[in-house]
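Enquirer: Now for the letters of each chain:
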Amino acid sequence: MITRHVNAQEHPRTRSSLPPLTLLAYLLIGIGGVVMMLPLAWMVSASFKPMSEIIQVPPTWIPQHFTFRNYQQVFAEFPFARYFLNSVVTTLLIILSVLISSVSGGYALAKFRLPGQHVILILFLLALMVPFQSLMVPTYQLMVSLHLVNTYAGVVYPFLFSATGIFLMRQFISDLPSELIEAARIDGASEPRILMSVILPLLGPALAALTILEFSSAWEEFLWPSIITSSDATRTIPIGLQYFAEQYGTRIDLQMAGSTLAALPVILGFLLLQKQFIEGIALTGVKG
Amino acid sequence: MRYQTRLRLWGYAFLLPSVLLFAAVVAYPLLNLFRLSTFESGLFTGTRFVGIDNYVKMLEQPQFYQSLKVTLIWTLGVVPLTLVLGLLVALLLNQGAARFTGFFRVVYFIPVVTNMVAASFVWKWLFEPTNGVVNYFAASLHLAQPGWLADPKYALSAMMVVGIWKQLGFAMVLFLAGLQGLPREVLDAARIDGASSSQAFWFVKLPLLNATLIFVLVLLTVNAFRVFTIPYVMSAGGLTYGTPGGPLDSTRVFAIHIYDLGFKAHQMGAASAAAVALLLLTMLLTLLQFRLVGRPGSAE
Numbered sequence: 001m002i003t004r005h006v007n008a009q010e011h012p013r014t015r016s017s018l019p020p021l022t023l024l025a026y027l028l029i030g031i032g033g034v035v036m037m038l039p040l041a042w043m044v045s046a047s048f049k050p051m052s053e054i055i056q057v058p059p060t061w062i063p064q065h066f067t068f069r070n071y072q073q074v075f076a077e078f079p080f081a082r083y084f085l086n087s088v089v090t091t092l093l094i095i096l097s098v099l100i101s102s103v104s105g106g107y108a109l110a111k112f113r114l115p116g117q118h119v120i121l122i123l124f125l126l127a128l129m130v131p132f133q134s135l136m137v138p139t140y141q142l143m144v145s146l147h148l149v150n151t152y153a154g155v156v157y158p159f160l161f162s163a164t165g166i167f168l169m170r171q172f173i174s175d176l177p178s179e180l181i182e183a184a185r186i187d188g189a190s191e192p193r194i195l196m197s198v199i200l201p202l203l204g205p206a207l208a209a210l211t212i213l214e215f216s217s218a219w220e221e222f223l224w225p226s227i228i229t230s231s232d233a234t235r236t237i238p239i240g241l242q243y244f245a246e247q248y249g250t251r252i253d254l255q256m257a258g259s260t261l262a263a264l265p266v267i268l269g270f271l272l273l274q275k276q277f278i279e280g281i282a283l284t285g286v287k288g
Numbered sequence: 001m002r003y004q005t006r007l008r009l010w011g012y013a014f015l016l017p018s019v020l021l022f023a024a025v026v027a028y029p030l031l032n033l034f035r036l037s038t039f040e041s042g043l044f045t046g047t048r049f050v051g052i053d054n055y056v057k058m059l060e061q062p063q064f065y066q067s068l069k070v071t072l073i074w075t076l077g078v079v080p081l082t083l084v085l086g087l088l089v090a091l092l093l094n095q096g097a098a099r100f101t102g103f104f105r106v107v108y109f110i111p112v113v114t115n116m117v118a119a120s121f122v123w124k125w126l127f128e129p130t131n132g133v134v135n136y137f138a139a140s141l142h143l144a145q146p147g148w149l150a151d152p153k154y155a156l157s158a159m160m161v162v163g164i165w166k167q168l169g170f171a172m173v174l175f176l177a178g179l180q181g182l183p184r185e186v187l188d189a190a191r192i193d194g195a196s197s198s199q200a201f202w203f204v205k206l207p208l209l210n211a212t213l214i215f216v217l218v219l220l221t222v223n224a225f226r227v228f229t230i231p232y233v234m235s236a237g238g239l240t241y242g243t244p245g246g247p248l249d250s251t252r253v254f255a256i257h258i259y260d261l262g263f264k265a266h267q268m269g270a271a272s273a274a275a276v277a278l279l280l281l282t283m284l285l286t287l288l289q290f291r292l293v294g295r296p297g298s299a300e
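Line by line, the protein sequences are chains A and B.
With the first letter of the first sequence counted as 1, position 135 gets the number 135 in this note's numbering; the numbers rise by one all the way through.
With the first letter of the second sequence counted as 1, position 98 gets the number 98 in this note's numbering; the numbers rise by one all the way through.
Honestly, I wouldn't trust all of these hints.
[Stated by the list, open to error] Not everything, but these chain A residues come out facing chain B in the computed CB check (under 8 angstroms):
#	residue
1	42
2	55
3	118
4	120
5	129
6	135
7	216
8	217
9	238
10	241
11	245
[As the list claims (entries may be wrong)] Example chain A residues on the side facing chain B (calculated, C-beta under 8 angstroms, incomplete):
#	residue
12	112
13	138
14	273
15	274
Bear in mind the hints are in silico, worked out from the structure with no lab data behind them.
C-beta atoms are modelled at their ideal positions from N, C-alpha and C, and glycine is treated no differently.
Excised from the complex, chain A in its bound form:
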């Protein structure tokens, strides 16, 4: 009896009637799913409504007075394209720097026996523990003395190194057979060539995971760019949004159009690459 019950739960595809527990599970998951999506539904809906309808009680979910004016006004008064460009450039720089330093550093730590290696490993472990919030004051001082305030270099500076990236790559490369490298050496391949054409092609999943991880955090970063940027030349999307909101405090209609524009590209990207996204997160979770 018990066995049959468990079986039915584990294999809902067996064409018997749905057990009540499964129905309950669907119900809970469904209600939770609606709650998760509600804020986004409200955001998109509000972005197509005039102000008077947004503050209407009871709220309407499908706009009664559908309008594109919020978007027109946002594009007219808010250099969204510039913010978008700034976000793209700074995110790419961060990803590039982290990928290069993590692959090459991870490779050295995984496949070479170097005197002093352990000291470096411990230092990197230490870096893993340092929250950026602790470093923002001295980093800002450094940016001031290097004249990097309000530049792309200043925006990306604190994120060019990732200890997580190094450990992820080191772990992944350690699992690759050393014989591959030995064989390439015997064939006379140079060391950089071994890294580029033997190791690198095998790192696909780890590279994808690290790229996604760095992309999500760099694209989202709010605290540091809000300190280091002071003009539209360097403001990234989150900063632009906040700056815009400070100027148009009660214009919920414009804020929601701006928020939708900011959130949608990443959500669409996620929907297209969801498998890689979720597996990437899970991979970094497992490997830590």
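Based on the hints, put chain B in the right spot on chain A.
Expert: Same frame as chain A, now just chain B:
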């Protein structure tokens, strides 16, 4: 022998970019942090060595304890709820609702990839006292309709809801990966031995998920200690509610405290002392993680 030396040189060469970046991005600012914390620097007064004065003042400051308290409440509220709800959704998806796992996994994960500033704006208006959707639902259920973000008693709880909403999908994905990695033979053995599904959960699955549980727990806790964007955007910005960390410092998390001291009050020394306190707290937590699950990068 010459060959070995050449190989080593290549090894160091490969290590060089990460070591240089580490020095520039982490080590130098970190050393400078300790130095800065022993100086007093006003905007117009210049800098002056004060020894441990900044630390003494920090411990006398009510705002320091207030921000510790707020961060602690945030941690104790957001972390367990995200953990339990994330695990629950993962379990339900892994069993009952298996047919739609892919679909619901996406639905629950979308908040994770939704821009945090945008999401904070949306929630800010959902929590609006008179025209907001939250109070509309509260009214139709005949519940109290507090002022939420305008009320020091409710502001933090409202923001914690957003923290949970944002991270739940993240925890769920890690738990799903953990559940799918469980050895089938063990689960089958438990079923053959006649374990009920709740017995199988408490005595077989949960202990096997231990490593994932601790990992998610520590990750969420570290995130909770660093939280900034949600309380900052939801308390400041716009004309409706005043200063970051408000009303009345009721949402002044530790990161806002440091930000406020350093970049609003321009007291770099005081901000650095507070930053050292945050550093020590976070290191303590991470060391605890290493004790519990083993060091990252060590064999699993």
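Enquirer: Compare the structure with the hints numbered earlier in the document and write down the numbers of the violated ones, lowest to highest.
Expert: The structure breaks hints 3, 8, 14; every other hint is satisfied.
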